[in-house]
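Enquirer: Following the hints, complete the assembly by docking chain L onto the known chain R.
As given, the protein sequences belong to chains R and L, one line each in that order.
Going by this note's numbering, the first sequence opens with residue 744, and the numbers climb by one from there.
Going by this note's numbering, the second sequence opens with residue 744, and the numbers climb by one from there.
Hints listed in this document are in silico derivations from the structure and should not be mistaken for laboratory results.
Please note: incorrect hints may appear among the correct ones.
When chains are identical, the list treats them as one kind, so a pair holds in a single copy or across two.
Claimed, not checked - Here are the simulated lysine to aspartate or glutamate pairs, DMTMM-like style, with alpha carbons at most 20 angstroms apart:
hint, residue 1, residue 2
1, Lys793, Glu838
2, Lys793, Asp807
3, Lys804, Glu819
4, Lys792, Glu838
5, Lys792, Asp807
6, Lys776, Glu791
7, Lys930, Asp913
8, Lys930, Glu940
9, Lys956, Asp1037
Model, not experiment: these values are computed from the prediction.
2 protein chains.
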Amino acid sequence: MIRILDEKEIRQLVSLDLSVVDAIETGFSELAKGNALVPPIMMIPVPEKKGEVDIKSAYIKGIDQLAIKVASGFFENSRLDLPSQSGQMLVLSAETGFLQGVLLDNGYLTQVRTAAAGAVAAKYLAPQTADAVGVIGSGVQARFQIEALHLIRSFFTVHMFSLDADDLKDRYVSDMQRRLPDVTVVKAPSLEAVVRESSVVVTTTPARSGFLKADWLHPGLHITSMGSDTEEKQELEAEVLTRADLVVCDLKAQSVRLGELRSAVEQGLMPADAPVVELGAIVNKKAPGRTADDQITVCDLTGVGVQDTMIAIKTLALAEKRGIGRVIS
Amino acid sequence: MIRILDEKEIRQLVSLDLSVVDAIETGFSELAKGNALVPPIMMIPVPEKKGEVDIKSAYIKGIDQLAIKVASGFFENSRLDLPSQSGQMLVLSAETGFLQGVLLDNGYLTQVRTAAAGAVAAKYLAPQTADAVGVIGSGVQARFQIEALHLIRSFFTVHMFSLDADDLKDRYVSDMQRRLPDVTVVKAPSLEAVVRESSVVVTTTPARSGFLKADWLHPGLHITSMGSDTEEKQELEAEVLTRADLVVCDLKAQSVRLGELRSAVEQGLMPADAPVVELGAIVNKKAPGRTADDQITVCDLTGVGVQDTMIAIKTLALAEKRGIGRVIS
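So that you can see chain R by itself, here it is in the shape it has in the complex:
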């Protein structure tokens, strides 16, 4: 029996809330316990269209399903007035290998699970008091990450900076004002202003050089950098990592190759075997998170297959419970 869900159905079933954050936190916990088998990301390049299809997956011992996520990024789609990102997930039985669910989410679940990872990072690394927070970028993740942070910390102001056009930035402000009515969202005059004014900063860009400078760091700051997920991308100046008191990542093997650790290691500022902590180890209390209000902490998120498996399983279970979707026997 195969259940097929479309994006509308999936959006009805799953939204960014604490139950999703819990599921993603469990995924990181299992990963750090060594209970997850995470193959390297499969990348199918389509150079003629500046496109790439990436496949992520993870089998988590003791969980009777696994997911395979297929995510496309085609950067000439904007010429066709189409989104560059798309994607879907398959859920397979980990008992028999049989297909059980097809989640035609158009990448929505990736957005939610990525934001939920930001919430997990904030839970363990953000200072307890964070009146003002910041975001770099004004796209979908800039929205989701601030919503995720709001599940974890109370704040009153969001400072946003983006290189996007004014209308996109204005839309971000009005969208976020509507979603978080108690919070004031302001367009910051500069990158530096966002960092200087905020206790927590989330970077959500496809930047290819470290725009966030180490000189702007201040005691008590937490940074979550979720933009870099390829060998070309980078958001944080490499010195940010050496200046921080604690550097955390989701999966070190990926962060060193595709995330913010890459540039620090390539520039010789960190050894490849630097004592970087994985987020799940903190969840499992095998390593400390933030231990003092004045620490500077950084979390680099590249996106791990365990997140996809956790959110896909949750989605399919909710659909089964509520009888939603088309069933093919």
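Expert: Relative to chain R, chain L alone:
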């Protein structure tokens, strides 16, 4: 627009015929021309269930779709009276990355494209006259491979040997007699008898040691070995490869790791950079196939993503043309 096809619909649309063989041959040709981007196979192990999910894909330049094939092998399923193999394919636009088709074929298309590769191998490597042919194994591929061979060469006798139970072997004989009424299918008394009596032998087993011995080779023999596709499997004694006049494989990078070349290289009988010919190079006339009736030729097939992309695209195109399947917009 996403078109979803179930196994029954797919079986109505696609069967093993010369048009499928042509499509697979084109795939090998493009592969050998360097026009295919074939990422390494992604393997998700589920050791608790002796299971594994493998993902294959290929983007072929100039073709506007690509496929992703997810294939499961769970070897404890027989305890549940379920088949160990299952699978499905996704078809994505190579223009935009968007999903266009979900082929719920339960592994049927893999069976067809694997057999079609055997037909391509036979076309270029089997002796022109092959009155008697042989098959090792009595499963689904033992059926498909003989049907594929029959598209390419006229033969009158099939010698079959298998370690399966008698009832399975009898069913093979009666099935094949029905499918190929002009051919006599006989149970051979031994492995050796199959090889000695046949001009073409196809091995279709999950064996883990080289059961087909070099001592049994005779002038004019062609062997297609399609069973080995993991680091543990092997069907041909390594000396078979060194004794043959011509050794061909589908993709050298896979054959050295997962196919029959592995054991020969590991035993030091062949260098890892041995001059092994890829099937597509013969298709493209960049290398000769069989050039004399008395040559001994071997083709090792591990299964390449280009085959999956070619057959999946063909299936979806036929479904669109005939308006078959469920469409989700």
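Enquirer: Output the indices of the hints that this structure fails to meet, ascending.
Expert: none
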